[in-house]
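Residue numbering for the sequence shown follows this note's numbering, beginning at 322 and increasing consecutively.
Just so you know, not all the hints are guaranteed correct.
To be verified - Here are the simulated distance ranges between beta carbons:
#: 1; residue 1: A640; residue 2: A529; range: 16 to 26 angstroms
#: 2; residue 1: H348; residue 2: W636; range: 46 to 56 angstroms
#: 3; residue 1: R486; residue 2: P324; range: 17 to 27 angstroms
#: 4; residue 1: A511; residue 2: H587; range: 52 to 62 angstroms
#: 5; residue 1: P649; residue 2: A608; range: 23 to 33 angstroms
#: 6; residue 1: V366; residue 2: R516; range: 36 to 46 angstroms
#: 7; residue 1: R385; residue 2: R652; range: 24 to 34 angstroms
#: 8; residue 1: R607; residue 2: R469; range: 32 to 42 angstroms
#: 9; residue 1: R563; residue 2: P495; range: 17 to 27 angstroms
#: 10; residue 1: R486; residue 2: T521; range: 24 to 34 angstroms
For the record, the hints were derived by calculation from the structure and aren't laboratory data.
Glycine residues also receive a C-beta, built at the ideal position from the N, C-alpha and C atoms.
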Amino acid sequence: MTPYAVVIPTLVRESLPDCLAALAAAHGPRPEHIVLVDDRPATPVPDPERLEHALSVLGDLRDRTTVLPGEARGPAAARNTGLRAVTEPWVVFVDDDVQVGPHWCAQLHQDLGEATPDTAGVPGVITVPLPGGRRPTDWERGTAGLARARWISADMAYRTEVLRRAGGFDERFPRAHREDADLALRLLDAGWRIRRGCRTTLHPVRPASRWASVRSQRGHADDALMRRLHGPGWWERAVAPRGRIRRHAAITAAAAGACALAATGHRRAAAACAAGWAAGTAEFARARIVPGPRTPEEVATVLATSVVIPPAATWHRLAGAWRHRHAPAWREVAR
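Model the full structure from these sequences, guided by the hints.
Here it is as structure tokens:
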């Protein structure tokens with residue numbers, strides 16, 4: 322049996338008990354150690370009962386579980402905190418909003434046993450359940466895209482020593498976005514391989530507010546960091562969708578141009594720019610509405626956010642490019 326530890330960074334969301342219960346119920350060789358990194362901010366003071374309730378579902382795995390305080394600097398930093406506590410040869414990172422399959426432990430044992438000496442990582446197979454009887458919403462389709470992510474850290478096993486030598490996760494990625502692809506590309510550049518495993522993990526769609534898609538545009542700053550670290554071809558290497566950032570920039574430029582031209586009295590030119598903005602925004606909204614359920618609530622949400630997303634995405638991309646313009650290669654911080 323190949324010993325392994327499980328590291329779970331968490332904000333102690335409502336999904337955590339389901340995550341831990343699924344791990345406790347999974348058949349197969351059990352983890353030697355579970356490291357739960359409580360990454361909630363120190364203020365306001367976190368409610369300890371929420372965490373204790375989640376831990377109560379672990380059963381006999383509770384004795385193998387260590388809870389460490391995080392620094393509220395995002396999942397990359399929290400995973401590194403957990404990594405420093407691991408002594409087993411393999412560490413498996415699991416997010417707190419997933420549920421491992423009923424035979425996950427046995428399948429993981431098979432994945433690790435089949436790993437060749439040059440294999441640094443083995444990701445699991447992520448499935449996202451979508452509602453039956455209707456088309457998925459824009460938010461649900463976005464979550465479903467996680468199933469196509471190549472190196473998603475929602476369920477990812479790494480050789481512990483290899484990960485330490487690579488410096489762990491780059492803590493300049495403050496969100497659960499691109500930090501997994503960055504680490505994978507660094508390991509591939511070092512000559513290691515990453516091969517997909519057979520174990521399965523469920524990633525339910527979390528409830529989200531109407532403006533969640535706007536907040537997710539912060540990830541464009543992480544894309545700017547990826548370009549700085551891995552060059553303009555990182556999209557192809559990571560097999561990641563490029564998205565609509567160029568169209569968002571064009572729509573935003575048209576809106577800004579319309580405002581500037583109108584303020585200086587160039588009405589015809591301002592009208593042309595405004596028409597370009599309206600056409601671009603309408604095309605963006607249509608592309609999001611057509612595949613969805615087209616309910617009044619969904620249409621209203623998509624229309625409102627389609628106006629805000631292009632400037633938000635453009636702003637975060639430009640801010641990220643400026644902030645990371647001199648970013649060096651990641652180095653492990655000694656602690």
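Status of the hints after comparison with the structure:
For the hinted restraint 16 to 26 angstroms between A640 and A529, the CB-CB distance of approximately 23 angstroms keeps it satisfied. For the pair H348 and W636, the supplied restraint of 46 to 56 angstroms holds, since their beta-carbon distance comes to about 48 angstroms. Judged by the Cβ atoms, the range 17 to 27 angstroms given for R486 and P324 holds: they are separated by roughly 19 angstroms. At about 55 angstroms, the CB distance of A511 to H587 agrees with the hint of 52 to 62 angstroms.
The given range of 23 to 33 angstroms is broken by P649 and A608, whose C-beta atoms sit roughly 38 angstroms from each other. About 44 angstroms separates the C-beta atoms of V366 and R516, a value consistent with the hinted range of 36 to 46 angstroms. Checked against the given bound of 24 to 34 angstroms, the beta carbons of R385 and R652, roughly 32 angstroms apart, stay inside it. Look at R607 against R469: about 23 angstroms separates their beta carbons, and that is not inside 32 to 42 angstroms.
Taken as a hint, the range 17 to 27 angstroms holds for the pair R563 and P495, whose Cβ atoms sit roughly 22 angstroms apart. Range check, R486 to T521: about 30 angstroms between beta-carbon atoms, so the 24 to 34 angstroms window is met.
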